[in-house]
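> With the hints as your guide, set chain C onto chain H.
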Amino acid sequence: MGRRGLWLRWSLRDLRSRWALMLAIGLVLAIGTGVYAGLGSMKDWRIASNDASYEALRAHDLEISLTEGTSAPTGSLERLIDGIPAASRVQASEERLRLPTQVEVPRPGGESLLTPAEVVGSPLGPGGAAVDGVYASAGRALRADDEGRPVAVLERGFADHHNLPPQGELLLPGAKRLRSVGVGGSPEYFMVTRPGGGEFGGAEAQFAVLFTSLRTAQRIDGRAPRVNDAVLRLRAGELGPVKRQLERALAAADLSGEVTTLNEDTAHRVLYKDASGDQQMFDVFAFLILAGAALAAFNLATRIVEAQRREIGIGMALGVPPRQLAIRPLLLGVQIAVAGTVLGLGLGLAMGAIFRGVLEDLLPLPVMRTPFEPGVFLRAALVGLILPIVATAIPVWRGLRKTPVQAIRVGFLSAQGSGIAGLAKRLRLPGPSIVQMPMRNVLRAPRRTLLTVLGIGAVLSVLVAFMGMIDSFDATVDRSEAEIAHGNPNRIVVSLDGFHSSRDARRIVAGTPGVAAAEPQLTLPVTLSARGGEAFEGTVTLLDFASPVWAPTVTSGSAPSPGRPEALISEKAASDLGVGVGDAITIAYPRREGGGYGEARAQVRVSGLHPDPFRSFAYTDPSVAALAGLPGSANRVSATPEPGVSENRIARALFDVPAVAAVERATATTEFVRDRLGDFVGVLRLIEGFALALALLIAFNSSAIGIDERRRENGTLLAFGITPGRAVALAVAEGLITGVLGTLVGLAGGYLVTSWVVNQTLPETLPDLGLLVEIAPASLLTAAAVGVASVALAPLFSAHRIRRMDVPSTLRVME
Amino acid sequence: MNAAEAQASGERENGGSTGQPLIELAGVARRYDMGEVTVTALENVDLRVGRGEFIVVLGPSGSGKTTLLNMIGALDSPTEGTIRILGEDITRASRAQLFEFRRRSVSFIFQTFNLFPALTALENVEFGADVSGRPDARELAAETLERVGLAGRGGHFPHELSGGEQQRVAIARALATRNPILLADEPTGELDFRTGVQILELLHEQTHTEDTSVLVVTHNREIARVAHRVVELSSGRIVADGPNPGGPASISELRW
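Residue numbers (our numbering), protein chains in the order written: chain H, 1 to 815; chain C, 1001 to 1256.
Because the hints were derived from the structure by calculation, they are not lab data.
Hints are supplied without guarantee of correctness; some may be wrong.
Unchecked claim - Which bits of chain C does chain H cover? Going by a derived footprint, with three or more residues having C-beta under 8 Å, they are:
1) 1095–1101
2) 1237–1244
Said to hold, decoys possible - Beta-carbon label-pair distances, calculated as ranges:
3) C:TRP1256 - H:ARG16: 41 to 47 Å
4) H:ALA350 - C:SER1061: 51 to 57 Å
5) H:VAL320 - C:THR1038: 35 to 41 Å
Glycine included, C-beta positions come from ideal geometry on N, C-alpha and C.
So here's chain H without its partners, still in its complex pose:
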């Protein structure tokens, strides 16, 4: 015990004398492991939150949606459900009425909001809706006695984005009013998507959903009580057979519509797919941060133990067995490992709270679950535990391989090699010999320099990749916006409540005060596919390619010719479909058949390509409308406001026109993408903050140890009359060189990560968007400034140790 006690006491003294440095290295490891644990848990947290939220609100298993523009009398869908053979499997069902409309939301002290909206009316039981319940995050939820009353719950994302209070007025066309009693949501609207926006969620800012009772919705509709939607929850068992029975029942009832499962719901799909897809990106960031921390901790721990080289040599000379000599430095490694793990555990636990706040902004769900994930943490902690021990074992092993006298000598026989400084011998910088020192110091310890550079580079890659992703999104959205707005930046789009004749559609809008020109369009939801490529949903818009209001740009090929089955598709769509100009694609589209709609397919020639990165937008000539059974029809109008007239004024003028469902800027699509991006940036900013903190810690620690290692050199400089300021300047210059090298690694690494994320990962989460890889010069400069400045300025924080140096003690032979 006596001997063991000696080593322990010695080790504790080491700890006492270096506790700040070892804590700092532990913190480096803690940030690496904690951030890894946090980022690594994101997918599990999101899925757990998704699952809990869907369960809490009794999300549907199946949904019956009648084709847009069609409906059925109240009760008919319930009877249809009750009539299927598997009716006993239905646990609960509800008919609903979903009404596209517009809403005006007065705002105190500001201009009121006019925005497209949807009223969702569900029957209200004692606990609200029995299926797809509506929760309230502020104010109150709907109650059974709200049935038929003009009250509603406003969708949370919309309310939060526009800072709307839970209680307020909601004005609908036709002088109808609702009073919002709360702010909340429902499973289908956990993420609001746009028609034609594909699987890109985040349209909450531009689209208001009003949850109310079925009778209230029917009163707003103003027609005979009708429904156009039903949702069901089933008892345990296969969904397929029930779904098929419902489809057959619909056909038998001569009702046109579709039956979908919850998994087919866009919001559901996006929420779960996003969780997996984003995790790939988070894993890369997590790995880079952990790698940076690991490299840095390894480097720093190794250097601390190398300073004990002489004592190891003295021990060898005294005959101490190598195993015992290894105890003290290894204990140091254990102490760093323990510090890193304990701090990392604390940080890992805190990550749940930190990321929870960010996740709530990104995905406001009624139930958030961010429990500590021990499995993920343990994976990272293992690195944090093993690495410092390995890092301290290596110099011990190297020290034990020397002869005792080699290890003990101070002076000329202890001199290390010159690394690759010899290569720079011939490269002499202009100026006195002292100016050569920083570069030579960097080169004469190539392994140490490399580890520091890689550590900084890995962490900086995260910063560059983060900025690169934002820049890439911005560039892509800019490109879309340029295409949508070209020639007519103030263009607005009026959506009608159904199909009207083109002449009527033009008249409705062109006759509105403030409108200079109007062009009717027909937009249909379609599915595009081709042999050898993937199929995806989108829209095809039939418009006049010679219209003065707006027409898409043709980058290759030509606009579709009148009377021919041709289409102009996006470059991204062509790439995904594996086609080019002149090739054939298949378009599945709705065709009017009697009182309803069926699905039709047509082989269409790709006449040309347009540059909008959204692949879902296709265009063709109005002459092919007859194929859809809608000749001369329109459901949208593209319009040019008169100079000085705002979109809001035109929206207000059209508000009470029954045929008008929505009025918005043509660039609304890109605006919601930017809004969505803004939410996502919150997560990335957090990662950026940790990466920055890590970079600064690594730089500071490396510099502090460097000043320790060079104390004799610094002492000699001071003895020769070099001022402390100048000695610090040499350290800053050395940091500058290391910082530049680390920054170059970071820029290259960041570009590679950005390319990988944009080209490999994001296409899985955002398949509809053709992202461009771009890192703006400003971002590169910012990253370079951070990388260089953090390492170059780090020595300033240790400058006091040079200023206050006791030169005689430093230069003494005996330590």
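The following block gives chain C in isolation, referenced to the frame of chain H:
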């Protein structure tokens, strides 16, 4: 040689100074407070050193030799007394003035050489010339390196040189400053006899050719034999200060 020159030469040979002393210590003491105990490194030290003197400061370990050297080199300040170098009282000098003093007035040679590992031999010497503000630093460095017999080794890094070569580079670095005072702390401590003798020859030569005052700290009494004057310290006090009886020995006579 005229009489005055002869007298000056004789005084040098006999350890006397000519004119105003280069270094003058009066009543210098250095004490360290170690909590309950006060350690006295130097006590009541009076010392005058003239131009071109070769002085050996002798004494056992802990006698205060290195502390004395550090005082003269302005690396440390006395608790009591005054130190005048070239007529300036450095005990009243500001921190900036002390740095200037070390650049222009004194040069150090260390037992462990303390060469800059990132610089070649030539660049280490050039450093010395740069620091003292010599405009012809590079040329002076080359010339000084040649004087110490290392003309062909200028492009080598310190770890590529032997101990003796490293110490010669260190001496060349100190000489390149052209400062009037050279302070050497155990310059032969790490070296074998033959190399040590070579080093002593170089140091001794400075007193003749450059009129540089050289103070060598050592515990080796044999080295003291070549000094113009020997100052012996014991327990922080000067217990002897005077010329070598019979004059300084020739370096070739030394044996240790």
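> Go ahead and decide if the range 51 to 57 Å is satisfied by the Cβ distance of ALA350 of chain H to SER1061 of chain C.
At roughly 55 Å between Cβ atoms, SER1061 of chain C and ALA350 of chain H fall inside 51 to 57 Å, so the hint holds.
> For the segment 1237–1244 of chain C, count the residues whose Cβ lies under 8 Å from any Cβ of chain H; is that count three or more?
Our answer is that it is violated, as 0 residues pass the Cβ test (under 8 Å) against chain H, missing three.
> If I claimed the Cβ atoms of VAL320 of chain H and THR1038 of chain C lie 35 to 41 Å apart, would that claim hold in this structure?
holds (37 Å)
> If you look at each residue in the segment 1095–1101 of chain C, do at least three have a Cβ nearer than 8 Å to any Cβ of chain H?
holds (count 4)
> A range of 41 to 47 Å was offered for this pair. Does it hold for the Cβ distance of TRP1256 of chain C and ARG16 of chain H?
43 Å Cβ-Cβ, so the 41 to 47 Å window holds.
The earlier numbered hint that this structure contradicts is number 2, and it is the only one.
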